[in-house]
Structures are given as C-alpha cells and as structure tokens.
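2 protein chains.
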Amino acid sequence: MNYQFADRINNLKPSAIREILKNSDPNVISLAAGNPAVESFPVKEMQEIANRIFHEEAGVAFQYGITEGYPRLRELLRRRLSEKFGMGTDNDELIVVSGGQQAIDLATKVMCNEGDVVVSENPSFIGALNTFRSYAAVLKGVDVLDDGMDLDKLEETFRQNPNTKLLYIIPSFQNPLGTCTSLEKRRGIYELCVKYGVVILEDNPYGELRFEGEDIPTLKSMDTEGIVIYCGSMSKVMSAGIRVGFVLAPREIAAKMTVGKQASDVHTNQFFQMLIADFMEHYDFDGHIGKIRALYKHKSGLMLDAIREYFPKEVQYTVPQGGLFLWCTLPEGADMLEFVQFAKTKGVAVVPGVAFNVEEGTPSRCFRLNYSTPSDEKVVEGTRILGLALQEFLKK
Amino acid sequence: MNYQFADRINNLKPSAIREILKNSDPNVISLAAGNPAVESFPVKEMQEIANRIFHEEAGVAFQYGITEGYPRLRELLRRRLSEKFGMGTDNDELIVVSGGQQAIDLATKVMCNEGDVVVSENPSFIGALNTFRSYAAVLKGVDVLDDGMDLDKLEETFRQNPNTKLLYIIPSFQNPLGTCTSLEKRRGIYELCVKYGVVILEDNPYGELRFEGEDIPTLKSMDTEGIVIYCGSMSKVMSAGIRVGFVLAPREIAAKMTVGKQASDVHTNQFFQMLIADFMEHYDFDGHIGKIRALYKHKSGLMLDAIREYFPKEVQYTVPQGGLFLWCTLPEGADMLEFVQFAKTKGVAVVPGVAFNVEEGTPSRCFRLNYSTPSDEKVVEGTRILGLALQEFLKK
Numbered sequence: 315m316n317y318q319f320a321d322r323i324n325n326l327k328p329s330a331i332r333e334i335l336k337n338s339d340p341n342v343i344s345l346a347a348g349n350p351a352v353e354s355f356p357v358k359e360m361q362e363i364a365n366r367i368f369h370e371e372a373g374v375a376f377q378y379g380i381t382e383g384y385p386r387l388r389e390l391l392r393r394r395l396s397e398k399f400g401m402g403t404d405n406d407e408l409i410v411v412s413g414g415q416q417a418i419d420l421a422t423k424v425m426c427n428e429g430d431v432v433v434s435e436n437p438s439f440i441g442a443l444n445t446f447r448s449y450a451a452v453l454k455g456v457d458v459l460d461d462g463m464d465l466d467k468l469e470e471t472f473r474q475n476p477n478t479k480l481l482y483i484i485p486s487f488q489n490p491l492g493t494c495t496s497l498e499k500r501r502g503i504y505e506l507c508v509k510y511g512v513v514i515l516e517d518n519p520y521g522e523l524r525f526e527g528e529d530i531p532t533l534k535s536m537d538t539e540g541i542v543i544y545c546g547s548m549s550k551v552m553s554a555g556i557r558v559g560f561v562l563a564p565r566e567i568a569a570k571m572t573v574g575k576q577a578s579d580v581h582t583n584q585f586f587q588m589l590i591a592d593f594m595e596h597y598d599f600d601g602h603i604g605k606i607r608a609l610y611k612h613k614s615g616l617m618l619d620a621i622r623e624y625f626p627k628e629v630q631y632t633v634p635q636g637g638l639f640l641w642c643t644l645p646e647g648a649d650m651l652e653f654v655q656f657a658k659t660k661g662v663a664v665v666p667g668v669a670f671n672v673e674e675g676t677p678s679r680c681f682r683l684n685y686s687t688p689s690d691e692k693v694v695e696g697t698r699i700l701g702l703a704l705q706e707f708l709k710k
Numbered sequence: 315m316n317y318q319f320a321d322r323i324n325n326l327k328p329s330a331i332r333e334i335l336k337n338s339d340p341n342v343i344s345l346a347a348g349n350p351a352v353e354s355f356p357v358k359e360m361q362e363i364a365n366r367i368f369h370e371e372a373g374v375a376f377q378y379g380i381t382e383g384y385p386r387l388r389e390l391l392r393r394r395l396s397e398k399f400g401m402g403t404d405n406d407e408l409i410v411v412s413g414g415q416q417a418i419d420l421a422t423k424v425m426c427n428e429g430d431v432v433v434s435e436n437p438s439f440i441g442a443l444n445t446f447r448s449y450a451a452v453l454k455g456v457d458v459l460d461d462g463m464d465l466d467k468l469e470e471t472f473r474q475n476p477n478t479k480l481l482y483i484i485p486s487f488q489n490p491l492g493t494c495t496s497l498e499k500r501r502g503i504y505e506l507c508v509k510y511g512v513v514i515l516e517d518n519p520y521g522e523l524r525f526e527g528e529d530i531p532t533l534k535s536m537d538t539e540g541i542v543i544y545c546g547s548m549s550k551v552m553s554a555g556i557r558v559g560f561v562l563a564p565r566e567i568a569a570k571m572t573v574g575k576q577a578s579d580v581h582t583n584q585f586f587q588m589l590i591a592d593f594m595e596h597y598d599f600d601g602h603i604g605k606i607r608a609l610y611k612h613k614s615g616l617m618l619d620a621i622r623e624y625f626p627k628e629v630q631y632t633v634p635q636g637g638l639f640l641w642c643t644l645p646e647g648a649d650m651l652e653f654v655q656f657a658k659t660k661g662v663a664v665v666p667g668v669a670f671n672v673e674e675g676t677p678s679r680c681f682r683l684n685y686s687t688p689s690d691e692k693v694v695e696g697t698r699i700l701g702l703a704l705q706e707f708l709k710k
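First to last, the protein sequences are chains A and B.
Going by my numbering, the first residue of the first sequence is number 315, and it counts up by one from there.
Going by my numbering, the first residue of the second sequence is number 315, and it counts up by one from there.
Careful: at least some of the hints might be erroneous.
[Said to hold, decoys possible] Each pair of labels, with its calculated beta carbon distance range: (1) B/E362 - A/E691: 33 to 41 Å; (2) A/R393 - B/G400: 36 to 44 Å; (3) B/V352 - A/D466: 58 to 66 Å; (4) B/V352 - A/G661: 48 to 56 Å; (5) A/H369 - B/G527: 48 to 56 Å; (6) B/M315 - A/S678: 53 to 61 Å.
Calculated from the structure, these hints are not laboratory results.
Positions of the beta carbon are idealized from the N, C-alpha and C atoms, including for glycine.
With the hints as constraints, model all of the structure from the sequences given.
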C-alpha cells in the first residue's frame, strides 16, 4: 500500500542526535550525548524505596492513576518550587508528565493551531523544535548572545508575527549553548511577552545543576500575570529512563494540558511517581543534587582543562556554570560539517551545530560537546583527540 | 491573561469516566471503572525481577533508552505475536509505546491531517475517540450489531468519505460492548479496507482475556497487504500503572510513529520494559494470563448470576466471553441518563452509554458495567442494588 501520511509527520526527520547515539561505534568516543552520568542515579536509595512500595503499596503503584499525577508527588514538587525558587501562585497548578519532552508536547498541543508561530532561542534543543514542527507550528528563531536572546530582535519578531502563541526558552545552561540568560534579560523577555500577549514556555531541565556562581531567578518566579508554563524534569536529578517530569502552569492552561494528556498516555508511570515522592520526603534530595553538581563541576573541569591544552586558540568555546554542555565555534571560513566527519574518523563524535538551528538549512560553524555522559577518562581522551583533530583540520 | 487555546483542545472535554473515577464517593459501589483487578498484578514476581535489575542493570534501566523500545522486549513480543497469534511479516516492525493510548495517539498523529475522517465502531472507547478529536479528525460511527459492524453501513461510510484515513476497531471484547466481531465480519472488514485504501487501527487490549469459547484470528493476522496497525497493551496482563503497550505495524508506518514518539515522550519507561522482558523470558507468562482469565470468568459469572436474579426481563445485556465489560440496554422509552442518576442515589455508579457515542449528542438507552475492578462482594452487591433500582425505576 502507498501510505498517505499526515503533513505534520512528513516534515519531521528522525533526531540527528538520537540517530548518532543509536549507531554509536564502540571505537568512537562520543561527546555527542545529552545523558546524565550513570553514577548520578541514586540506585541504592531507589531500591530501598522500591522494596517498600512492592510490600506496602503495590495495589496503588500498579493500578491506573489519575492524569494530573500522584497527589503526594504533586504536593512535594509544588512546595519545593515555592520554597526554594519562589515559583507558583494560587493561580498555578502543578501536574506530572512523562518527562520534560511531554511538557513541551502538551504545551504546544493546547496553545498552537497549525500555522501559529512559536518563537525560540536560536540555536535550541532539537527535541523541542521537532515537537513544534510536529504540530505544524511555524518556527521563528531569535539569536542568542552571551547573556541571552537579542531583545530588539525578539520584539521585532513578535511585532512581525502577531499570531505568536509561545516563546520557547531554556534560560539556564541552555541546550546546546551551556550559557544562561541574565536576570536583566529575563526581566526584559518577560515584559515583552506581557506586552505582546505571548505565553512563555520555560524549559528548565538543568536549573538544579549549577556548580559555579549564583542562581538566577526563573521567569516563572516573576510570573505575576499568569503567562509562564514552567517545565521541570527528573531526568537529570533522579533518572532519565523513568520518564518523569512536571509542569507548573496557570490553572486554566494546566487543566487543558491534563485533558490533552488523557488523550496522549492517560497518566505517567505511577510506580516511579511514588518512588520520587518517597525520595523527596524521606531522603536528602538536596544533598543528592549537591553530589551531582560536584560531579559535573569535576567533569566539566576535566573537559575545559583538555580544551585549554589542546584546542587551537582560534576555536571559541563557552564556559558553563552548570548543566551538561559546552558549545564550540570554529573560525570563520571553516566547514563545520566537514570537521565533524573528520573528527569521527579520528575517533570522536560531536553533534554538528546545524542540528540545533531553528530554521533548517541555515549554516553553523559550531558543534556541541557533552561532559556528563562519558567516563572521566573518555572526557579527557575524547577532548584531547578532538583538539588534535582541530589542529590538523584548521592547518589544512 | 485571556488565553487563546488551540481549536483541537477546545473541542475536548475531560473524560466522563475519569471524572467519575476521580470523584468517587466511598459509599457508592462503582461498576463504572475499566481497571484490571488488583489481584491480577504479578507483584511477587515483579519484585524479584526488580531486585535483579537494581543489582545488575541499573545503569541501563535508569538511563535514556531508544525510542523504538528496549530491544529484548521488542524481540519477545514479536515472537509471541507471531507464534501464538500468527501476526507479523517481514514487512512489519514492533515498537514499544507508553500504553495502548499512546499507540492510538501516534497512529492518528502520523496518519491524519486535520479534517481527515476516522471511522469507528459505534459505540466505542471514549479514550480513543477523544484522541481522534484531539487531532481535529472528523469522526464517523458505524453501528455495531451482535457480531460486529454493519458491513453495508461501513462500505457506505467509506464511499461517502473518500478522505477516510483510519478505521478504528476493537474486535475482541469490545469496550464498551464486551462482544466480539465474528471471523466472517473481520474478513469482510479487512477486504473493504483494502478496497477503499483505509488503514485499520486494530486495538486489542483485551484479546488475551478470553475465558469462554475459541480465539478468533486478529485482523493483523490477515494482513497480507500491510494495512493494519495493531495495538497491544500490558495494562490488563501485567499492570496498568506502568504504562507499557506496543504496536505491530508495517515498517514504514512504524518508522513514522517512532519519529512521532521522539517528539511526544522520547521513549517509554525503561525499567518496566526490562522487567516485562524478564517476566516473559523467565516466568510463566501464559500461566499467569491463565490465572487472570480464570479470575475474570469467576467475576463475570458473579455479575451475570446477579443480573439473572435481579434485573427486570426487559433489560437486555451482553454475555461476554472475555474482557472486562458488559453492556445493558434499557427498554424503549426509558431515560437512561435519568436512570444512571437514580442508580447513583441508590449507591451504584455505572457509565452512561452516551459517553461512548461516536457522534456526540446522539441518545443512548445503554450503560456499561465492569466486573474486573470491584471485589467479588461488591460485584454481587452492586449488581443486586442496580437490579432493584432498575425494577423500581422501570415501574415508575
């Protein structure tokens, strides 16, 4: 049969990153992933809790749950966001979702008709961009400077696109850049969104992973007008494989997202919602996150040391204060895609910058590096090989 | 802020059934659910396997997995479908999804543009109907007779709607009817779909739960032309709360669904995919399913005995040979919605038939009963109260 697929899905290509991960050659050191470090999962504690749930609450854990999420987890997350980060008003509701990706999916599902505009930082997280494309939204990118989006260009974009429904932003330890939007710019972005009636989709999977400097308030913590949908994730602070995230959003939006979630997957895995609630309530969640921060400070330090030692001076790179990534820029005139291929022949995989471009087909001189997934040895060795490859490549 | 929601989500109302479940009054016996029996979960075995995974494979279980699903589980499911049910050719691919609901969501996502037609049995599973609505598909219902859809009406519907992209069907132990489509009708339906170029979305969450009579071949087992997307679920044979299901579909469709799933939730909970694979490989999966069948034979028997004793003769009901439901029809002229309210005041909740109507606003004289969720005592007591309520109500 000659299948006639929906237009929305014909526009989507498989994620370049996930394809790179899938076809990974064991002889190639991958600095291309975005996975948390395996040693960051609190396995011993999770097993203790799992045993308790099996003994005491199996009937709840294995039965259908409610779409909004396991009530105790919702309470604990809400309280944490309020007490630690000043987020959430009486007008907000917290719901549990199946990972941060689903938060983005549901936000788009409820806010965007086909042809509506989503404005995004450029470059940005390919998984989110693909979700917007899967709803046939029109993507407009605003270039990111060292301290966040160019506000003039953002306002110009809003002005030119009155049907903008969402602004997508990763304000802390941005993927792929590794940098943060400054407090001043966050305020400016919030005000522009109020002025133009645009809902902010604040994606903050790495916010807890600061290992240097001071926390910057989230956009949601400024949300007096009820325009911010805040997406959080357990993937980088507990486990990625369990697929648990959450959304703090104005009540009316959260209610629509709940209806959308009923039609998507009914509810999120109940067992691990209960397990996280127990961990947050009875274990040292902050202490655990502190350990992950120390781990990533260490691993990013290893990568930066190797970069300083082996990278040619004309290659620029960001110095992250948290999160999982840093972003390298080749000198003008260099062919980044050719270099990425060249590096692979030398034994290192990185993600080409074009994968993160909001507007497909625009060129990029950049690539993304990840230090959380590989072992310490591979971080050092991979970065060294990459540096030598850069030296050789740029001399040509 | 005055939110402007997407049209697709404005058309959706919260599931009537899930609202009934959420607001359940402890004094009301609910025959309204669709949950598996708590005692059907193989808790002891799952705990054994969980301990092994925590000890031996935590690094895989808690890390990101691939979108198509855990490879070992995909192999085992594929082999089972082939060996036990004669499903799957070289042209098919099996992917794991986050429960049967996501299978329906992804199938619609990849096959239907807004305004395309989905033809469904009428009445049918409200969760699926809402998913179709969430993609702004146009729903057309074909009434179900004792042995399945009216084939003349089905052909007429295809003829009148050349942009029909999917036929949605639950051929075995249909929700809400509890009945099966006959082999002859399955063949007729398959042929009509080939003739009109319509992809079949075969939803079979209850297929393993036959406790009386002989299995009827699935539509997928007849699929020489590559037109059937088969949706299976672990919800009724392992656990509903873990949210694991699967799809067997022509390779090209499965690939598109995988791309769609990347944008929805990246992948399904990895830990429970591994747990199910281990259970299927090292435990007696068929023996376990045999126990669930015996359990539901017993529970349906209790309900049917109480129906025969207490229901007025003019109330019709289906006699299921498997699955979780039976379907009752009031005599002509009776106001079903009024009766459902009346029954609730007497202490029993049932789902009004209108909830399952493909075309909203059409009347129904029916209601759905469930025997899998309540305890044996509540099945008997709830059905007795309902019978007495029917006697009183129909005398008025």
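Going down the list of hints, with the structure as the test:
1. B/E362 - A/E691: 33 to 41 Å: For B/E362 and A/E691 the Cβ distance comes to about 35 Å; the hint holds.
2. A/R393 - B/G400: 36 to 44 Å: violated (53 Å)
3. B/V352 - A/D466: 58 to 66 Å: Holds - the Cβ-Cβ distance for B/V352 and A/D466, about 60 Å, lies within 58 to 66 Å.
4. B/V352 - A/G661: 48 to 56 Å: 53 Å Cβ-Cβ, so the 48 to 56 Å window holds.
5. A/H369 - B/G527: 48 to 56 Å: Check failed, 39 Å falls outside 48 to 56 Å.
6. B/M315 - A/S678: 53 to 61 Å: Given a distance of about 35 Å, which is not inside 53 to 61 Å, the answer is violated.
Figure legend: structure checked against the earlier numbered hints; hints not met, in rising order: 2, 5 and 6.
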